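Add chain P to chain X, keeping to what the hints say.
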Amino acid sequence: MKFVLGIDTGGTYTDSVIMNMNNGKVVRKSKSLTTKEDLSIGICSCLDKLGDFPYEKIRLVSQSTTLATNAIVEGKGCRTGLILVDKNLKRSFPADMVFYVGGRMDIKGRVQMRLDNLALNKAIERMKGKVDSIAVSGYSSVRNPENELFIKDVILKQADMPVVCAHTLTPQLGFYERTITAVLNARLIPIISDWLSRIKESLAKYKINAPIMVVKSDGSYMQSSLAIKKPIDTILSGPAASACGGRFLNKIKNGIILDIGGTTTDIARINNGDIGLNEKGAIVGGWLTRIKSIKTETVGLGGDSIIILNKDNEFEIGPEKVIPFCLAGVWFPYLKEDIKRRINESEDGQWVYLSKSRNSRIYSSDEKQVVELLNNPCSVSLLINKHKISKSIVDKLIKNDVIKKIGLTPTDVIFAEKNYLSWDIESSKLIIGNLAKRINVCEEIVTHKIKNIFCSKIYNHIPNDTNIVAIGAPSQTWIKEINRRHKCNIIVPNHFEVANAIGAAMGQVTEIVSGLIRYDKITRKYTVYGPNLKQQANTLDIAKDVCKEMLHKAVSMAAESAGSNKYEVVIDIKDLKHKGVYIETKIIAMAFGDHWINNQPKS
Amino acid sequence: MKQDIKEYINSLIIKELPKGMDLLEEGRAIGKELQPGKNKFFRECGYNNFNEYKVECMKNGKNMWQLILGRANNSEQVKALQDLYEFTQSRGIECRSVDSIPSMELGLPINSRDANVGATSFVLNNIDDYIEQVESVPIMSMFGNHVLSCPNAIATTTSCIKAGNSNLGYFSQYIWHRQGFDDDIAHIADVIRSCGIVSVFYDDYCTIDSYPEDAFGGYFLDCVSIIAYTLLEHYILRDLCGCRSAVTAGGLLSEIPTRVAVVVALHKLLSTEDQLAFSFWNASTTDHWENDLEGNFGLMDTEVLASILANWHYGIGGILTQNAITEKLRVPLFKEQLDVMLSGVRVEEKAKELLPYINWAPMDEMIETLIRDGKIMFNNILEGFKESNVDIKDPMQLLMVLKNFNPGKFEAAFHPSTFNSVDNDVQVLYPTVLGRQTMQLSKDHIDKLVKQGKGNSLANKNVVIGSGDGHTYAVYFLDNVLSAVGANVINGGVDLDPVDFLDLADEEGCLDICITVHNGQCYDYAKECIDLAKERGIKYNFYMGGRLSTIHSGDSTPTDMTAELKELGFDASNNIFNVIDLIFKNGQNLSYF
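Chains X and P supply the protein sequences, listed in that same order. Sequence positions in the first sequence follow our numbering and run 1 to 603. Sequence positions in the second sequence follow our numbering and run 1 to 593.
With the rest of the complex left out, here is chain X (with noise of 0.2 Å):
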């Protein structure tokens, strides 16, 4: 038997499944909540509601993590240092030390100054103890990369740490897309590496001791140590994972992949079995990357949403995520008390609680006083009319992760309907009551109007399409209900909860690798311009065949530290002409890796 233990780090839980592949069945599952303070902690408590099973036969584990994104999003990373070559783009940069070094590199990639190696050396001088790794970004490094491959070299004779190269990570135009890539994946790297080194410590503990894939942000496979060298690839591993995961549920090949979150709704298309690619890159954290990914459509609309009331008497849901009530209540027994004496007309059903994971960082005194204020979870409005805390200040404090907020949900309101008994849903219910009260109408036109609202919202950014998808923890208590009142007949298929779980599960190695020739009027010969190298050909033929050696050795090398041994290069050429004239020849090499278990040397 062949197992492969798939898992999931969301915002709001933790999924894993152990997928037999021999025949593609779910054998175990499990669910949890993410710990963001120690995304760790929820894989050990999720792989402890697996239950029994003999770990040692897990031939493979592979996840897809929001770590990364999380990371950028907080502006969390080492300490990174930008070397900028040729220009100075007078723009902003998610590095701590920033140097500019002369060398000019023109759109074709033709040297036009050599590069300013005094002004290289006091730059990585002043480094030196001040940075944690560095990113290198020339100016039209995709057309010649050789400053960029000079600079990573003259440094690692100089400084023990990481060193990205910019056009290593995209093949594509944009010098502050791709500068903004490589810092980001730069500031990464320690982060990723040491999250990496402790999973395998927490799997270690289960016996399971199979090599780590991690998945991509276009739903591919890399493995852990490839993950270590770019992290920024995974920015997206999540809405991959549950693309590929929706996909494999339903067998769909042409469809929609409907992921109903705690946080958000994912919308991904899947057009002949593929899934559909961001080709411009990624925004994380209001960073544009040239991180090729999913195209997904997120919906700030989910399970934990806020709900509130607004000064006309209509509910609003989200876009904030709030902890339910219902879980809140679990966690803090104290809560319901607390809100039985608060209940009146006056109060917004808002609470706050220190969050676990905030940062030792030193507070101002309004907020310090927040913090102090907040042993046990604590009213807003409270804070704000009792306490005389600004508005500002609680919310900047949520903003920075210090304090997290309590609200009502759709959760709390699907819960209290359901009576599920294991979560706490009096508090959920003594909320919906006060608005009742507050809107003079009873709890179950409350419920209708908000269960309204939300099945619209999802269904209005639904694309018109006959076969839908449903994934997600809250799916199949919602698309009922959508279902129902839009009388439409999206499918949620078995193991919906733990979909992204089982895309992760089911990856596989897939590396594209791109070249382009172009003709030289200077030199009247061809220009290939490869992944690492610009070279010259006498003639188109002999260009091509240059840039396919080079893009199928590049396209077999990525494969193979991607962690596939066993794969398919398929090259494609594309002439563009115009009115007959020769214009460049695109060539793309693509490595189709298959499953990594069935590729391993049989043991």
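Derived by calculation from the structure, the hints in this document are not laboratory data. Wrong hints could be hidden among the right ones.
Claimed, not checked - Straight line, CA to CA, 30 Å or less: simulated BS3-like cross-link-like pairs of lysine-lysine:
1) Lys534(P) with Lys544(X)
2) Lys579(X) with Lys2(P)
3) Lys391(X) with Lys418(X)
4) Lys328(P) with Lys577(X)
5) Lys534(X) with Lys162(P)
6) Lys391(X) with Lys449(X)
Small disclaimer: the values here were computed from a predicted structure and weren't measured.
Chain P in isolation, oriented as in the chain X frame:
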């Protein structure tokens, strides 16, 4: 010389080029097999060569006149020659030459003509076509355009010589990109071979004419640079290729003092005891009115008066050409060309009365300065090339480097005010007309924009600019004006392909692209931009300015393409104020998507 310039020049050197001297020898071998003809002009007028004719005219105090002629086909061209002969003979005008302008298509080898825009005037398909023209009347058809300096150089050069035409050119056009022919090395190699052919007929006064303002020299800010560049061309032609060479000037020199000074300086530098090196005074094309066309006669007559006086005073022997009266709007009608020539001839009748009263001293001073600084800059060029490892004894390598050299950079690299100086801005001594106009135009526009409160309207907006051909002035103008309103201008320079514009925009995260074109290829260029943009799935904002017309196959006059460009989605208002407003409105950097 500055390191970055040295490196730039070094990057232009192409290894594995054929040796220029070998190419010349190949050309000479072809030349030795040729039997040169003697056309009707020589036979009927009794001259051994054209120089002999010019010298005799100068000796007799006669000014020579000519027309620029490029009719739609060979029959029309012959008819126009016959009409011209009859007209000038009946009025006693000394007109024994025409600047015969064939279609651009002639410049391409026959198998490369499909991708070209088509015939723009007559095409000389075989030797019979040449003979038909030169034998029609005793007027010398000088084939300057699209002949010796084009990819079809060998065929055109040998045909000219066989047909008995001893003056051909224009050498300076070697830098022109010929649509449909991308093989620059093959192109330049054939130009050198053709020089080899011409060199065989040195004793027959077979002469290569050049017109630097129509190519490299047209991009300079300072007249000193025109002199220096012309010296460089003549060094290549005379010293390296062993050819006789001559030069033409005037098209872009409409300010009379510099116009005269440049011509006299060239004459003094290049004419020798046995040859007058200045060919003809081209009519200036920069000052014309768009309305009241008759008023342009006044401009032409003033200009020709100065040329006539200079011809007499300095013994230049420059033929007078003055038919650019409608240049701003259209190609002049044949009748209009004859009228303006006649007007000039009447000026000549009175000019002699004026000659004794002219004080030439300030002019002499300007000429001497141009000669001195022109020589300094020429020496700078050779020294700079040598320092950058260019083989200055190899015409092939020199021409290939020059063909790819940005003229603006060239001037800034070697000008006496910048060479071996920390300063990168050329200190202009005697501005060229376009240089002065461009600087003034930029200033006027900037002042107006500041008055309109738009002084910072494009702050932080990225805008890619460049020229689809060699339109340096327009790029200079765009850069100045857009920078002045706060834009972050990404200047791609000249001779950019559409794909280069898009690459630059993508690398810079920019959607606004300003393209200037001047060579009649605007529509095809724009179409290629749009097709490539679609391929990339990006909607750029394209703004096109310059000469937005094209000459359709079989037409002699250009057709306005503004409507077609708009249909493609280009802003073709050709108005910088509109462009700035549109960039302000549309401008969105790609990074902010």
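Taking the hints in turn, this is what the structure says about them:
Taking the CA atoms of Lys534(P) and Lys544(X), the gap is about 24 Å. The hint holds against a cut of 30 Å. Distance hint between Lys579(X) and Lys2(P) is unfulfilled; the C-alpha atoms sit about 42 Å from each other, more than 30 Å. Distance restraint check for Lys391(X) and Lys418(X): the Cα-Cα separation of roughly 35 Å exceeds the 30 Å cut-off, and the hinted pair is therefore not satisfied. Of the supplied pair hints, the one linking Lys328(P) and Lys577(X) is violated, its CA atoms being roughly 35 Å apart against a limit of 30 Å.
Between the alpha carbons of Lys534(X) and Lys162(P) the distance comes to roughly 48 Å, so the proposed pair goes past 30 Å and is violated. Between Lys391(X) and Lys449(X), the direct Cα distance comes to roughly 28 Å. Compliance with the 30 Å bound is thereby established for this hinted pair.
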